[in-house]
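*Asks:* Listed below are the residues making up each chain.
2 protein chains.
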Amino acid sequence: MNVYMDNNATTMVDPLVRDAMIPFLSEIYGNPNSLHRYGTASHPAISKAIDQIYKGINAGDEDDIIFTSCATESNNWVLKSVWIDKILHGDKNHIVTTEVEHPSVLSTCKFLEEQGVKVTYLPVNDQGIVEAHTLRSFITDKTALVSVMWANNETGMIFPIKEIGEICRERGVLFHTDGVQAVGKIPVDMQAVHVDFMSMSAHKFHGPKGIGALYIKGSQKLSPLLHGGEHMGGRRSGTLNVPYIVGMGKAMELATQDLEAKMDSMAAKRNRLEDALLSIIPDTFTVGERARRTPNTILISIRGVEGEGMLWDLNNAQIGASTGSACASEDLEANTVMLAIGADHELAHTGIRLSLSRFSTDEEVDYVIEHFQKAVTRLRAISSSYAKVGPTKGGEAAECGIHH
Amino acid sequence: MNVYMDNNATTMVDPLVRDAMIPFLSEIYGNPNSLHRYGTASHPAISKAIDQIYKGINAGDEDDIIFTSCATESNNWVLKSVWIDKILHGDKNHIVTTEVEHPSVLSTCKFLEEQGVKVTYLPVNDQGIVEAHTLRSFITDKTALVSVMWANNETGMIFPIKEIGEICRERGVLFHTDGVQAVGKIPVDMQAVHVDFMSMSAHKFHGPKGIGALYIKGSQKLSPLLHGGEHMGGRRSGTLNVPYIVGMGKAMELATQDLEAKMDSMAAKRNRLEDALLSIIPDTFTVGERARRTPNTILISIRGVEGEGMLWDLNNAQIGASTGSACASEDLEANTVMLAIGADHELAHTGIRLSLSRFSTDEEVDYVIEHFQKAVTRLRAISSSYAKVGPTKGGEAAECGIHH
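From first to last, the protein sequence lines are chains A and B.
To convert, take the position in the first sequence, counting from 1, and add 154; that gives our numbering.
To convert, take the position in the second sequence, counting from 1, and add 154; that gives our numbering.
Note that these hints are calculated values from the structure, not bench results.
Just so we're clear, the structure is a prediction, and the values are computed from it rather than from any experiment.
Warning: the hint list may mix true and false statements.
Which copy is meant is left open, because identical chains are indistinguishable; a pair holds if it fits in one copy or across any two.
Result set (SDA-like, lysine to any residue): computed pairs, CA atoms no more than 25 Å apart in a straight line [unchecked claim]:
(1) K234 / D280
(2) K264 / M386
(3) K264 / E384
(4) K272 / G388
(5) K234 / D520
(6) K416 / R323
(7) K264 / L394
(8) K234 / K375
(9) K234 / E267
(10) K416 / V347
(11) K264 / G388
Same shape as in the complex, but just chain A:
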């Protein structure tokens, strides 16, 4: 049985999305900027896709949604253009973010530090989130931007975006959120929060890899990252990727239709899987209170078992999982979120992330439970660290933000 449970890394393109895109490759292929019928033929489909995305996040008519090539581009765009607009050409010098952002935010912040920008990396609590009140004391009158993710890619933990947005509004500071792990998975209502910029990525909600977007509140000014032929009102140049725009719109529509029902169905499977693993396998714990997580994610730690060993065994059983962000997985590093919430280095190497999708089935859950348990048994039998420490009493120990 093939079981893909790495949907926070990327998702399968929904076959309905694929079918919607294909006509825009070799049939309706004109450049939408061209004035002739081959160019304008794609306009209705592009308009429809834009509408689908506005609707999916409940953006206002006065807001902009600009297509980019990925959320990495969206994140780089906001951070670097705020640097240019407000720091190089303004009187600000400071950006606030968190320790657990995606690498595209953290690496860009490191780059900006090399340019002389001061960056504050907010610590997270034992749940792996930033509490809104923490932010307040770090904003100064030199702060240009606060950038805090909506939901974490490794734990699924949902950040208090509404509260953070209120603080930013109160203090007159721009607020960006990386919404990649929230959009299409949990309710995202841009008219109910105060967010200036939000990054999105289609391939996290069964759209194609290679397209994202940036939501911009009230069409406010932000220098382009890509200058050029004045596409999309001059905000992001580059020939429009029509097939993927159509695909992102369709994917958004499908993901957000009956979202509550999808969430319930996903959470039921995720909870059953999590409960089973925690109850069957001693000395395991999961990170983050379940009710505050996206409904598809489990980050589970298995004492004495290296995450990479688990990945290997699971992979041999045709199960796709991960030890953390795919964007950092080539390095075999310790799980950064687990380190941030206070796990020691050894423990942070024991994290395994299982992330479901709306295509996950109960049969897959059963299959994962069976093979996960087998893998733990095998690996603990040969584990020097587990043999040395030995099983702890009472099974799943209560440390490091454990919840089950």
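Since the structure of chain A is provided, determine the placement of chain B on it from the hints.
*Replies:* Relative to the frame of chain A, chain B by itself:
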């Protein structure tokens, strides 16, 4: 009959390219950065695509080819990162480019001027190209970069890249070329020229819109434009767009296979079309010596006829053409290259670009000749400027770099 002759704006995805991409949407969909089988399943196809692109431009093993979302991104990347690396963090302050670059170069240069960079815009000769010797006197010891396109999008004129590269090497200045209109259309051999950076775009050679690449000679240093998860050796972050990478590789292979034969076939049709239009319709001329153009392009001026009027009539006959770059076409501006080579504003509004592809047929050429002539006849009958000046003697007048 549907006749698409706007292939310098964008091309149809070759059905063979489309078919190569589709399996990577909903079947082999893992994130290539993931360690499990769903991630690694795409590696052979990505490697193959990279090989196809190296082969298509004869890049050396020590060179890098990095995928981007489009040539606009590639152009922005080179110009902005050279600004950061050599000007903000170096002792240079000057960039040299030309008056006739693509908007993604020109707009980025305008942005850099706002940042205090000095930019020289080299003038073009009556052929619409920069002569290599012109460059020499404009390079100073403060020059960080020379950026000159390989072939012009509006005229098809091929620039003396080999000679310009030699001058840059001699003077120790980085050399970037926007190769968008050359790659896949004429021989591009990176080992035969001295080019540090070359931008490419798949959708100009029957690949998909939304993917490009940057060639980097000798894997030399260039700060990333997109920081993040260290994809592609840390040079350009963002989850790999596997379907389009596969498509770009396949498109490159198909475009460069038997390139000479494809060029001959395209040039034969283009020449027949051009000869017919020039001989049948009085007071027309084309820009640029034919032997020095890409084999698919005609920029023709019809005295007394507004380009937009021609587009309208051609569009009614199901013919797709343009007045210039699709990246600027929403503005209905005068043709910038014609202005640069000295045409007055009225004349620069009379340019029509016809750009063929390897899918263009002799029947399409016949059809365009017939309807082009009809459109000119109709529009001249109602043209105030043509009526006022009247037809000139001898037909196609010799001004403004005319060649036929």
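*Asks:* Identify every previously stated hint that the structure contradicts and give their numbers, smallest first.
*Replies:* The structure conflicts with hints 1, 5, 6, although it agrees with all the remaining ones.
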